[in-house]
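Chains A and B are the protein sequences, given in the same order. Per the UniProt record's numbering, the first sequence runs over residues 1 to 253. Per the UniProt record's numbering, the second sequence runs over residues 1 to 313.
None of these hints come from the bench; they were simulated from the model. Virtual Cβ for every residue (Gly too), placed ideally from N, Cα, C. All the pointers check out, no bait thrown in.
Below, computed lysine to aspartate or glutamate pairings styled on DMTMM-like, alpha-carbon distance capped at 20 Å:
| # | chain 1 | residue 1 | chain 2 | residue 2 |
| --- | --- | --- | --- | --- |
| 1 | A | K84 | A | E165 |
| 2 | B | K218 | B | E195 |
| 3 | A | K84 | B | E93 |
| 4 | B | K292 | B | D199 |
| 5 | B | K227 | B | E305 |
| 6 | B | K218 | B | D264 |
| 7 | B | K154 | B | D179 |
| 8 | B | K127 | B | E93 |
| 9 | A | K84 | B | E86 |
| 10 | A | K162 | B | E90 |
| 11 | B | K227 | B | E297 |
| 12 | A | K84 | B | E90 |
From chain B, some residues computed to sit far from chain A (all C-beta separations above 10 Å):
| # | residue |
| --- | --- |
| 13 | S25 |
| 14 | P39 |
| 15 | G65 |
| 16 | A168 |
| 17 | A244 |
| 18 | A273 |
| 19 | G283 |
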Amino acid sequence: MNWRSVAAIFGHEMARFFRTIWQSLASPVLSTVLYFVVFGAAIGGRIQSVEGVPYGAFIVPGLMMLTVLQQSVSNASFGIYFPKFSGTIYEYLVAPTGWVEVTLGFVGAAATKAVLIALVILLTSFWFNGVHIAHPVWMLAFLFLTALAFSLLGFIIGLWAKNFEQLQIVPMMVITPLVFLGGAFYSASMLPPFWEGVAKLNPVLYLISGFRWSFFGLADVPVGLSLFAVALTIAICMAAIRRIFLTGWRLRE
Amino acid sequence: MRPIIEIDHISKRYDSGTVALNDVSLEIAEGEILALLGPNGAGKTTLISIICGLVVPTGGTVRVGGHDIRTDWRAARKLIGLVPQEILLEPFEHVIDCVRFTRGLYGEGRDEAYLEQLLRSLALWDKRNARTRELSGGMKRRVLIAKALAHRPKVLFLDEPTAGVDVALRREMWAVMRDLSAQGVTIILTTHYLEEAEDMADRIGVINRGQLLLCQPKDQLMGEFGKKRLTIQLDQPLSALPAALQGRGMVLAPDGQSLGYDYDTRAERTGIAHLLADLAQNGISVRDVSTKQSSLEEIFISLVEEEAKEERA
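Next comes chain B alone, as it looks inside the complex:
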């Protein structure tokens, strides 16, 4: 099946000489949730802005639903909804009028039944006659989502949708995104919150300094780059690691209660079986064993640092 978004060698260089994006190519399948990760100024918002028509690229092409965003921009834009990073709403407008206006702007006729369903799904129906300035921050964000969905887009861009919002609201936003995804909407979100990408995304793209470092299914990324830490709780605390166990990558916790061992999940042999056997041979009895996958945050930091090292070299 043809991807819903085809980004082909997109570059953006500003007049000041700053390169915001450098030869980025990416395909996004219909119905997937893609998270774009990257530090501030990495180029995430520029990429989204180019696809949506807010920024003009200096090179490359983008197709949305097979329509070129520059030559067939009307058809391409009809398929897109954008939720901006900042809360941008006219303060004196009523919620329902805001959403009706966006629908009209996209050339769609009135469909009050759909707007009711949309506002109900975002828990905004009771506030439909409220002015946007009277709403809480979370409600304002949901109004922005309602506006972006007013014309039933196939692709929804969310630019840092949970930046600066509290934990409860963040979880509420994630639930909204999951619902949309279940309805078949393709979702592309940029985020600083690695937890968000880890929890939400099917695929994760990492952008740094205008370059797409990688874009992989989340599970594959975690598997490839993820290390696991084995933590062995000891029955009796140790004052020092026995000589026979030294040089094996094991680390004794400062309180002597547990041993830590990092291993690569991709390695043919993890060495865990030998390790446990050696512990038994040295008379160390084990109370409990647990493993923890390294977080996306750690993967992200190691990727960005690796890139910086390569550049320095």
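Pulled out of the complex, with its shape left as it was, chain A reads as follows:
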């Protein structure tokens, strides 16, 4: 294991984030503030509470998850796609650096960026709503594991993409709908029974549910199942990345 190369890739990716720190933070924070204003203040005024939690506070975990998922996927996919696009990917392929090191470096950085942005959003939400966190350690664990799982997915998208359109299409067409349909702004129990069943086929529901449990002690699905969903996503993505690197698909000739 070449730990120095993991540190080099991680540092290189984080440097890009810090080079554009204000753009990196301003956009997600601004859009989250808009969500708080529209859903929390405007609509939340009409929905008093969900399962005993004020609506403004109820949507905080969902909004954090929305940001973490979007940021994880876009950071990781762009991170590995950019060297492919610019041609500098050759450096990673000729160095004594294996797939584990490359993945840890890129995905670790993408997940770290997403977690940092989510924490900034959490701080912002304190300003709007006095959010109480029932299980802070579990909250951080869910946050990090979800960021890791979706950064791995983003990394695969970046490896697969052949152009910038492909890089955008999966987050836009798949991730965002899954988050909105995964209970970011409502509890699955508020849906009619049939649609509640359909919603439970959405893997993102398990992540948001587990995360919301860490805030309020309330969950749509058992917490163990949420953890299992995250672990399964991580395992599947790791297996796929290993295969991509070992076969050299879209990397080597």
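Starting from the known structure of chain A, arrange chain B on it as the hints suggest.
Relative to chain A, chain B alone:
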């Protein structure tokens, strides 16, 4: 002494059926400068890419420093530095960060003193805090060399290092390569510029259509395949070659001022002594005599054409 690179029956066939390399075997000694010559698509870059790990061969083995590039790839790759043909740099990165990053990627700890020495030797130290997009083409190429040398490799691959660069910069690059060679780095370069191979290399390999046609020390190659042209400047111009001198391979220049005579340096007798005696006997006085070795370009073209003829036959 064991060669630093051992290429053993390497082949590469792409899914499309194209054979990029066909059973190439080659050994490269430590510290030598080897130039790989060949037309576009000959297989030069594929060979380099296989050794560096960018292309997976369909057959054969390669060892670098005794390490198999597939089973012991980490140890093999640590010994290699690659300067790609195209300028591939992240535009917004600072020069020093670029070089530090590559060093880290190869698992090496920070060594600022070495990086300073490296950047100074490539005349980049003053530009260490510049972004790569602000540099000239020549500087960008030197940054690529600095990156390739950041982990102190024993073998440096330069894939057409002077393609598309002006004459001054080309000479600058050659000076850099000579310095590296003097420091004991083994250099393998591919080039279209025969002048470059002729000037730089200890040994020259000629690749065409995926096959290594030959690989010989430069002087031996020039001696074996090289012909020399003897040019005899005449005191008085001739309107035609005297009958006694015809059929001897001599050619009178259109202006009648000089005679040309091609001879094989490998031949037991070059025939020059007789020729000069015959000229004197025919009353032709000579003002000056010069010889010129045929260039590597001419050797290269004759080799490739010979191969094409054999294939047609």
